[in-house]
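Engineer: Listed below, chain by chain, are the residues.
Number of protein chains: 2
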Amino acid sequence: MDWKTLIEDNFELFVSELKEFLKIPSVSADPRFRDDVFECADWLIKALKEAGADKVELIPTERYPLVYAEKNVDDNAPTIWIYGHYDVQPPDPLDQWTTPPFEPHIRDGAIYARGASDDKGQLFIYVKALELLNETGQLKYNLRFLIEGEEEIGSPNLEKYIQNNYESMKGEMVLVSDTALPGPDKPGITVSLRGICYFEVSAYGPSHDLHSGTYGGAVQNPVHALAHLIIALRDPITGRIMIPGFYDDVEELSPQERDLVRQGSWNNDEIKASLNVDTLVSEAGFSPFESATIRPSMDVNGIWGGYIGEGSKTIIPAEAHAKISFRLVANQSWQKINEEFKKFVEDFKVPGIRFEVKTFHGGDPVKTPLDFWGYVKASEAMEKVFGKKPIPVYTGGSIPVLATWQRKTGMHPILMGFGLESDRIHAPDEHFRLDLFRKGIETVCEMLSS
Amino acid sequence: MDWKTLIEDNFELFVSELKEFLKIPSVSADPRFRDDVFECADWLIKALKEAGADKVELIPTERYPLVYAEKNVDDNAPTIWIYGHYDVQPPDPLDQWTTPPFEPHIRDGAIYARGASDDKGQLFIYVKALELLNETGQLKYNLRFLIEGEEEIGSPNLEKYIQNNYESMKGEMVLVSDTALPGPDKPGITVSLRGICYFEVSAYGPSHDLHSGTYGGAVQNPVHALAHLIIALRDPITGRIMIPGFYDDVEELSPQERDLVRQGSWNNDEIKASLNVDTLVSEAGFSPFESATIRPSMDVNGIWGGYIGEGSKTIIPAEAHAKISFRLVANQSWQKINEEFKKFVEDFKVPGIRFEVKTFHGGDPVKTPLDFWGYVKASEAMEKVFGKKPIPVYTGGSIPVLATWQRKTGMHPILMGFGLESDRIHAPDEHFRLDLFRKGIETVCEMLSS
Chain A
6 MDWKTLIEDN
16 FELFVSELKE
26 FLKIPSVSAD
36 PRFRDDVFEC
46 ADWLIKALKE
56 AGADKVELIP
66 TERYPLVYAE
76 KNVDDNAPTI
86 WIYGHYDVQP
96 PDPLDQWTTP
106 PFEPHIRDGA
116 IYARGASDDK
126 GQLFIYVKAL
136 ELLNETGQLK
146 YNLRFLIEGE
156 EEIGSPNLEK
166 YIQNNYESMK
176 GEMVLVSDTA
186 LPGPDKPGIT
196 VSLRGICYFE
206 VSAYGPSHDL
216 HSGTYGGAVQ
226 NPVHALAHLI
236 IALRDPITGR
246 IMIPGFYDDV
256 EELSPQERDL
266 VRQGSWNNDE
276 IKASLNVDTL
286 VSEAGFSPFE
296 SATIRPSMDV
306 NGIWGGYIGE
316 GSKTIIPAEA
326 HAKISFRLVA
336 NQSWQKINEE
346 FKKFVEDFKV
356 PGIRFEVKTF
366 HGGDPVKTPL
376 DFWGYVKASE
386 AMEKVFGKKP
396 IPVYTGGSIP
406 VLATWQRKTG
416 MHPILMGFGL
426 ESDRIHAPDE
436 HFRLDLFRKG
446 IETVCEMLSS
Chain B
6 MDWKTLIEDN
16 FELFVSELKE
26 FLKIPSVSAD
36 PRFRDDVFEC
46 ADWLIKALKE
56 AGADKVELIP
66 TERYPLVYAE
76 KNVDDNAPTI
86 WIYGHYDVQP
96 PDPLDQWTTP
106 PFEPHIRDGA
116 IYARGASDDK
126 GQLFIYVKAL
136 ELLNETGQLK
146 YNLRFLIEGE
156 EEIGSPNLEK
166 YIQNNYESMK
176 GEMVLVSDTA
186 LPGPDKPGIT
196 VSLRGICYFE
206 VSAYGPSHDL
216 HSGTYGGAVQ
226 NPVHALAHLI
236 IALRDPITGR
246 IMIPGFYDDV
256 EELSPQERDL
266 VRQGSWNNDE
276 IKASLNVDTL
286 VSEAGFSPFE
296 SATIRPSMDV
306 NGIWGGYIGE
316 GSKTIIPAEA
326 HAKISFRLVA
336 NQSWQKINEE
346 FKKFVEDFKV
356 PGIRFEVKTF
366 HGGDPVKTPL
376 DFWGYVKASE
386 AMEKVFGKKP
396 IPVYTGGSIP
406 VLATWQRKTG
416 MHPILMGFGL
426 ESDRIHAPDE
436 HFRLDLFRKG
446 IETVCEMLSS
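These protein sequence lines are chains A and B, in that order.
318 is the number that this note's numbering gives to position 313 of the first sequence; each next residue is one higher, with no gaps.
417 is the number that this note's numbering gives to position 412 of the second sequence; each next residue is one higher, with no gaps.
Wrong hints could be hidden among the right ones.
Claimed, not checked - No farther apart than 25 Å at their CA atoms in a straight line, the calculated lysine-lysine pairs in the BS3-like style are these: (1) B/372 <-> A/277; (2) A/354 <-> B/277; (3) B/175 <-> B/354.
What the hints assert, rightly or not - Which stretches of chain A does chain B cover? Using the computed rule of at least three CB atoms under 8 Å from a CB of chain B, they are: (4) 222-232; (5) 278-291; (6) 309-316; (7) 399-413.
What the hints assert, rightly or not - Quick partial rundown of chain A residues pointing at chain B, CB under 8 Å, derived from the structure: (8) 34; (9) 302; (10) 353; (11) 357.
In case anyone wonders, no lab produced these hints; they're calculated from the structure.
For every residue, glycine included, the Cβ atom is placed at its ideal position computed from N, Cα and C.
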C-alpha cells in the first residue's frame, strides 16, 4: 500500500474527520469561547496520537496551550517543523452566514465553516500526511509539529515560547499551510508576508455624554476628533501613510522582483466583481495588487462611539474608539512603527480631546529566499501534484510569529497554502475546496516521502 | 386654604408621587420599552383625573398615545395650553449611573432618575398646579393639557395631530417647562430654541467584510470614507458647516439682541470644569455660548462599523454608519436643510463607496416675542417666586413640535423651565433639584391664579 491508494480509499473519511475539527468554536479573541479553545487543543492532541506521532504534548501557556508532536524516522534525516493554528476568527456577523459557522456543510465541492480554510482545514492536511506516511513507512524526515491556539490574537504565547526555547528548536525549515494559492489550477508558494501592527485608539472629550442641543457647537466632539486623526494618517491623493519615518525601512523591490510579483497578481476585474466594488484603490505608483502585498497599508478595522442603538439620541458622546492596524513590508520593524504611531498620535492635538493608544499586537514581515533547498523541494512536490511549476507568491497577510521563528532559529518558512483568496476567510461563509484539501494532502505526502 | 399652604403641607407627598411617575421606564426610542410607555400614559391620565380635570382623554396614535385634559373655569377667561412629554431618553450607558435610572433616589436635595428633569419632573409641576388651584378655587384660566409620549423621537404623531387638528385648538399661548433656568437663583424664560435635523448616514464598500491582510491597500475602507465625509461637513478652522446654502436663511442678530443673549451666557470656566474639558470651541466670531444657542451646529451623535468587540479582528468592514444631526436657528427650515444635506452627501464621491442617507426627524427653530402679554405674565409670576425678574433665555435645545404649534395655531410658547444645565439630561445621573420642583409649582400657581 502506498499513500496514494490510501487517500483514494479514505478521502471521504478524512472529510468527516475534518468536520469534527471544525465543529469546535475555538474563537481565541472572545473569552466566551475559552472552554472550546481548550477542547479543540485536546481534540488535536488525540488526532496526532492516532496519526502515529511518537510523542505528543500539550504545552500550557498563560492562555491557550501549544500542541507539540514529534515523529522520528532517522537521526541522520533532516528535521522539518510544521506550524499551524487551531484557533479561528470570531464568526460575526452571524446573520450573514448561509449555514451556521460551526455546523460544517458541504456545498459545490467545498466545506463551509469558520476555520475551514484558516487554518483548520489546511492544518489537518499535515495530520493526515503523518498518518498516511506512518502507515506506509514512506516518511523520509523527522517531523516536529508546533501548533498554536492564538494566531488570530497575535500569537503572544507562541512568540514567548520561541523566544525562550529557540536554542533547542533544531531543524531545517518550517512548513506552513495558512495562505492561498494564486488559483485552483495555479500552484504557488508564498515567499513574502506582510507584518502587522494593531492598535486601539480612544478619543476622550467631556466626562459624560452631553445633550447635543445644550452644548452642540461649544464642545469638541470625540467622534469628529477621531475622524480627523484617521484622515490625517493617510494622504488622500497618494494613499501613502503620513506617519513621519514610516517608509524609511521599506524595501524597494528591483524591477526583476516586481516582475515576479506581477506573475501572481490578481485580475482587477475579477476581484472587483467578487467583492462587488466598482473600483479598487492603490498607492500612487503601484497597482492595487502591489498595494495589498509588497506595500504597507492602513485600515480602520472597527469604529464605535456614542449612541449606536435603534432610533435617535441627541448626544455629544464622551468618547469614541477605533481599531486601527497597519500592514508592514520587508524590512520594516513593527516595534519601530509602534513607537512612530504612538508619537504621531501624541503629537496630534485636537483642542478639548485626549487621545489614548493601546498596542494590541504586532509582527514583522517575512521573506523566504527562492534558492533555499526547502523551497526547491516544495516546488517539485507541488509541480508533481498540480502539473505545473508553482510561482513565488507575494501576499498581503501576516503570520507574525514566523518572523520571530525565522529570525531566532534560522529556519526559513515554506508557505504552501492550499486555500484560495475567494475562501472568505475572516468573513461570513468561509469555506475550503475539497479538491484542494486533497491536493494539499498529496503535495505534503509527495514532499515528505522523497 | 390657599395654594401656598397646601404646598407647605403636602410637598413631601408630591415628591413621592413624582417618584412613582419616574419609576416607569417610558423610553420611546427603544421598542423593548413599548409596554412601559403605554403604562406611563395611563398613569398620567389617572393623575390628571385625580387632580380635578373635567375631561381626560387618551388619544391613540400610530405609536404612543397623546394625553389630553381640560379644565374649564369661565367661558370668558383666556385659554392656556400646557405641553410636556411623558417619554424619556434611553438610559444607557447603564454602568455610569450611581443609582439605577428607574429607581428614583433623593441625594443632596435632588431627585435622581431618567426623566427627573427631562421632562417628567417639570411636567408634573402642572399636574400639581391644577390640583392645588382646583382644590382652592383659585384657577383663573381655562386649561388644555396636551402631553405626548414621543418627544425624544421627534414628536411624529403630535406633529401630525397638530397638522390635522390645529383649527380646533383655540387658545392664547402654550406653557411648557422642558428647559433650564440660567441658574438656581437666576430665573429666566426661554424665548429661543434651536431646530434640529437628524440623519443616519451609511457608507457601503465591499459586499462582505474582507481580510485586511489580503486586501488592505487595494480596497476602499467604508470607515475611512465616512470619516472623510464627517470632516468635509465642517471647516476645521472656522467651525462653519460646509453644506452649500446652509447659512442662507440664518437670522443674524442685532447687537442689541446679542447683548440680551449674553445676559444668559454661561461662565466658560464653570462649564469647562463641569464637563471636565480643558477648552471649549466655537464658530469664528461667536462665543462658545453663542455657538451653542443662536448659531447652528453639527454633531456626530454615534458612529459604528467593523469589529467593535473585545480583542482584535483584521477586517476591512463592509459598511460603516453614523448618526449625524444639525441644530438650526431662526429662520432656517429643517426641510430645506434636509434637502441640502442629502444633496451634499450625493455629491460627495469616494471611489468604491456608496453612501446612503436616512432622515430620522426634524423640527424648525422657535422664537417668542418679548412684548407678548403671556411672556409678561409669566415673567411677573416668576419674579414673585424667585425675587428677581427673569431674563430672556436663548437656548440650544430643540422642541420641534412647538415650531409647528406656533406656526399653525398662532399661540406663542412660554418656556418656563425649572431645570438646570447641570441636570445631566440625556446622560447618566440625570436629576432635578427639589427646591426648583417646588418653585416651579409655586410659579405656575402664581401665574394661573392671577
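Engineer: Confirm or reject each hint.
Structural biologist: Cross-check of the supplied hints:
With a CA separation close to 53 Å, the supplied pair residue 372 of chain B and residue 277 of chain A exceeds the 25 Å bound. At most 25 Å may separate the alpha-carbon atoms for a hinted pair to count; residue 354 of chain A and residue 277 of chain B meet this at roughly 18 Å. Of the pairs offered as hints, the one joining residue 175 of chain B and residue 354 of chain B is violated, with about 50 Å between alpha carbons and a cut-off of 25 Å exceeded. Only residues whose C-beta sits within less than 8 Å of a C-beta in chain B count toward coverage, and the region 222-232 of chain A has 9 of them, enough to reach three; the restraint holds.
Only when three residues or more bring their CB closer than 8 Å to a CB of chain B does the claim for the region 278-291 of chain A stand; here the count is 9, and the claim holds. Figure legend: the region 309-316 of chain A, annotated as covered by chain B; annotation consistent (8 residues with Cβ-Cβ distances under 8 Å, at least 3 required). Coverage of the region 399-413 of chain A by chain B holds in this model, with 4 residues showing a Cβ closer than 8 Å to a Cβ of that chain against a need of three. Taken as an interface hint, residue 34 of chain A checks out: its beta carbon lies about 4 Å from the nearest beta carbon of chain B, inside 8 Å.
With a cut of 8 Å, the hint placing residue 302 of chain A at the interface with chain B holds, because the nearest CB-to-CB distance is about 3 Å. Annotation: interface hint on residue 353 of chain A violated; nearest CB of chain B at approximately 13 Å, more than 8 Å. Below 8 Å, beta-carbon pairs count as interface contacts, and residue 357 of chain A has one with chain B at about 5 Å; its hint therefore holds.
Hint compliance for this structure: hints 1, 3 and 10 are broken, all remaining hints hold.
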